[in-house]
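Turn these sequences into a full structure, and let the hints steer you where they fit.
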Amino acid sequence: MMPKSEPHPDQLAIDWEQDPAIETIIEARVAKRAEAAAFQWRLRLVAIETCMMGGLVIAAGLALDQPPLQTVRTGLIVAAACFASGMLLIGLSGACGMLFSRLSQWRAR
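Take 556 as the starting number for the sequence shown in the working numbering and just add one per residue.
You can trust all of the hints, since none of them are fake.
Computed beta-carbon distance windows for the label pairs:
id, residue 1, residue 2, range
1, Ala-602, Leu-567, 41 to 49 Å
2, Pro-622, Arg-657, 48 to 56 Å
3, Arg-599, Ser-659, 22 to 30 Å
Worth flagging that the hints you see were computed from the coordinates, not collected in a lab.
Quick reminder that beta carbons are idealized off the backbone N, C-alpha and C, glycines included.
This is the structure we're talking about:
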């Protein structure tokens, strides 16, 4: 067990129990960072899904001896549709999240 270290005399001593505003500010900052990280992860997942679906369609078309230009065109169309649906899903989930948070704030009043 580590002994409790004494703060430096020049350091500002903060009493977390006496000042709950500091904890609220920290929680708000952490929530904002987590929300930004979650959005980036959603974009990464959409990008991965897009590449996988387009690649799988192209690979399947080439494996079935379909014309290469038509196979690539079809794969790109599938990838574009996959990307569009993923972005739509991210947008709609964000809009619903904001709507529900405003609704809960309205009900709390």
